[in-house]
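Enquirer: Sequence:
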Amino acid sequence: MKDMYYEMTIAGCKRALPLCPISDTLNIGAFVIFGDPELTTACAEELLKRAPEHDVMITAESKGIPLICEMARLNGNARYVLARKSPKLYMRNVFVSEVRSITTDHVQTLCLDGADAEYMRGKRVLIVDDVISTGESLRALEELVNKAGGNIAGRMAILAEGDATKRDDIIYLEKLPLFDKDGKPLD
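This note's numbering puts the last residue of the sequence shown at 187; the count rises by one with no breaks.
Hints should not be assumed to be uniformly reliable.
[To be verified] Using 20 angstroms as the maximum straight-line C-alpha spacing, the simulated EDC-like pairs for lysine to aspartate or glutamate come out as follows:
#1 K88 / E46
#2 K181 / E46
#3 K63 / E118
#4 K184 / D169
#5 K49 / E143
#6 K88 / E45
#7 K63 / E142
#8 K184 / D163
#9 K184 / D3
#10 K49 / D24
#11 K175 / E143
#12 K85 / E143
#13 K147 / D163
#14 K123 / E174
#15 K14 / E61
#16 K63 / D24
#17 K14 / E53
#18 K181 / E38
#19 K166 / D3
#20 K14 / D24
#21 K181 / D163
#22 K147 / E46
#23 K63 / E45
#24 K49 / E61
#25 K175 / D55
#26 K49 / E38
#27 K147 / D180
#28 K2 / E118
#29 K14 / E45
#30 K63 / D36
#31 K147 / D24
#32 K85 / E136
#33 K85 / E61
#34 K123 / E142
#35 K123 / E143
#36 K14 / E142
#37 K181 / D168
#38 K85 / E142
#39 K184 / E38
#40 K2 / D180
Derived by calculation from the structure, the hints in this document are not laboratory data. Computed from a predicted structure; not experimentally measured.
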């Protein structure tokens, strides 16, 4: 089988996303921001221009980390919060939420340190991610913010795909189509 790619421009940066099968009939475009500081900075700048008022940002481990780090840096080195995939030894009073992603074959957890939860309490929290597709990671982050007593100020992503493109509660830079088995866009 030959490699297939989808070319798109994101925040002014042209990229070719490899297509990856998630079933016999469906492919997704693999958007990986790791190791691409030009794209990371461009996306962070564009998202911050559209961001609602907020006090703190949160993302899920791991692909959202470079994005939120750059957004925080550009926003005056603002503190951000990270929901980890598993509890770490330094974490106390951990809040947990389950998530099933289309790119992972098993149920995962997102864990929030109690100190981060306390920091978010009563604050306007902006949820940030690289790609929102099914909304499962977003739902898990919302659950953690709510458990912590934070107020969701907005939901942002670089890309929205599938049903996420139809949601009016997500701010995103570009639509990423789903693809058939031959690499043709479905949207």
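Enquirer: Now tell me if each hint is right for this structure.
Expert: Hint by hint, here is what the structure shows:
1. Taking the CA atoms of K88 and E46, the gap is about 32 angstroms. The hint is violated against a cut of 20 angstroms.
2. Proximity of K181 to E46 is assessed by CA-CA distance (about 32 angstroms); at most 20 angstroms being required, the pair is judged violated.
3. Taken as a hint, the K63 and E118 pair is broken in the structure, with Cα atoms around 24 angstroms apart against an allowance of 20 angstroms.
4. For the hint pairing K184 with D169, the CA-to-CA distance comes to about 28 angstroms; that exceeds 20 angstroms, so the pair is violated.
5. With a CA separation close to 26 angstroms, the supplied pair K49 and E143 exceeds the 20 angstroms bound.
6. The straight-line distance between the Cα atoms of K88 and E45 is roughly 31 angstroms, outside the 20 angstroms bound, and the hint therefore fails.
7. Note on K63 and E142: the hinted pairing holds, with a Cα-Cα distance of about 17 angstroms set against a maximum of 20 angstroms.
8. Restraint check for K184 and D163: satisfied, since their Cα atoms lie roughly 18 angstroms apart, inside the 20 angstroms limit.
9. Simply put, K184 and D3 have alpha-carbon atoms about 13 angstroms apart, close enough for the 20 angstroms limit, and the pair holds.
10. At most 20 angstroms may separate the alpha-carbon atoms for a hinted pair to count; K49 and D24 exceed this at roughly 39 angstroms.
11. The suggested pairing of K175 with E143 is violated, with an alpha-carbon distance near 25 angstroms, which exceeds 20 angstroms.
12. Between the alpha carbons of K85 and E143 the distance comes to roughly 15 angstroms, so the proposed pair stays at or under 20 angstroms and holds.
13. Among the hinted pairs, K147 with D163 is inconsistent with the structure: their alpha-carbon atoms are about 26 angstroms apart, more than 20 angstroms.
14. A C-alpha spacing of about 28 angstroms is found between K123 and E174, which places the hinted pair above 20 angstroms, so the restraint is violated.
15. Under the criterion of a C-alpha separation no larger than 20 angstroms, the hint pairing K14 with E61 is inconsistent with the structure, at around 25 angstroms.
16. Taking the CA atoms of K63 and D24, the gap is about 26 angstroms. The hint is violated against a cut of 20 angstroms.
17. Distance hint between K14 and E53 is unfulfilled; the C-alpha atoms sit about 29 angstroms from each other, more than 20 angstroms.
18. For the given pair, K181 sits about 31 angstroms from E38 by alpha-carbon distance, which is inconsistent with the 20 angstroms threshold.
19. Restraint check for K166 and D3: the C-alpha separation of about 29 angstroms exceeds 20 angstroms, so the hint is violated.
20. This hinted pair does not check out: K14 and D24 have alpha carbons roughly 28 angstroms apart, beyond 20 angstroms.
21. A threshold of 20 angstroms between alpha carbons decides the hint, and for K181 with D163 the separation of about 19 angstroms falls inside it, so the pair holds.
22. With a C-alpha separation of about 30 angstroms, the suggested pairing of K147 with E46 is violated against the 20 angstroms cut-off.
23. Simply put, K63 and E45 have alpha-carbon atoms about 17 angstroms apart, close enough for the 20 angstroms limit, and the pair holds.
24. Between K49 and E61 the CA atoms are separated by roughly 24 angstroms; this puts the pair beyond 20 angstroms, and the hint is violated.
25. Distance restraint check for K175 and D55: the Cα-Cα separation of roughly 27 angstroms exceeds the 20 angstroms cut-off, and the hinted pair is therefore not satisfied.
26. For a cut-off of 20 angstroms, the pair hint linking K49 to E38 stands: about 17 angstroms separates their Cα positions.
27. About 39 angstroms separates the Cα atoms of K147 and D180, which puts this hinted pair outside 20 angstroms; it is violated.
28. Under the criterion of a C-alpha separation no larger than 20 angstroms, the hint pairing K2 with E118 is inconsistent with the structure, at around 50 angstroms.
29. The hinted pair formed by K14 and E45 meets the criterion: a straight-line CA distance of about 16 angstroms does not exceed 20 angstroms.
30. Distance check on the hinted pair: K63 and D36 sit about 12 angstroms apart at the alpha-carbon level, within 20 angstroms; holds.
31. Distance check on the hinted pair: K147 and D24 sit about 38 angstroms apart at the alpha-carbon level, beyond 20 angstroms; violated.
32. Restraint check: the Cα-Cα separation between K85 and E136 comes to about 14 angstroms, which is no more than 20 angstroms; the hinted pair holds.
33. Note on K85 and E61: the hinted pairing holds, with a Cα-Cα distance of about 6 angstroms set against a maximum of 20 angstroms.
34. With a CA separation close to 13 angstroms, the supplied pair K123 and E142 stays within the 20 angstroms bound.
35. With a C-alpha separation of about 15 angstroms, the suggested pair K123 and E143 falls inside the 20 angstroms cut-off, and the hint holds.
36. The straight-line distance between the Cα atoms of K14 and E142 is roughly 31 angstroms, outside the 20 angstroms bound, and the hint therefore fails.
37. Restraint check: the Cα-Cα separation between K181 and D168 comes to about 29 angstroms, which exceeds 20 angstroms; the hinted pair is violated.
38. At most 20 angstroms may separate the alpha-carbon atoms for a hinted pair to count; K85 and E142 meet this at roughly 15 angstroms.
39. Of the supplied pair hints, the one linking K184 and E38 is violated, its CA atoms being roughly 28 angstroms apart against a limit of 20 angstroms.
40. Straight-line distance between C-alpha atoms of K2 and D180 comes to about 14 angstroms, which keeps the hinted pair within the 20 angstroms bound.
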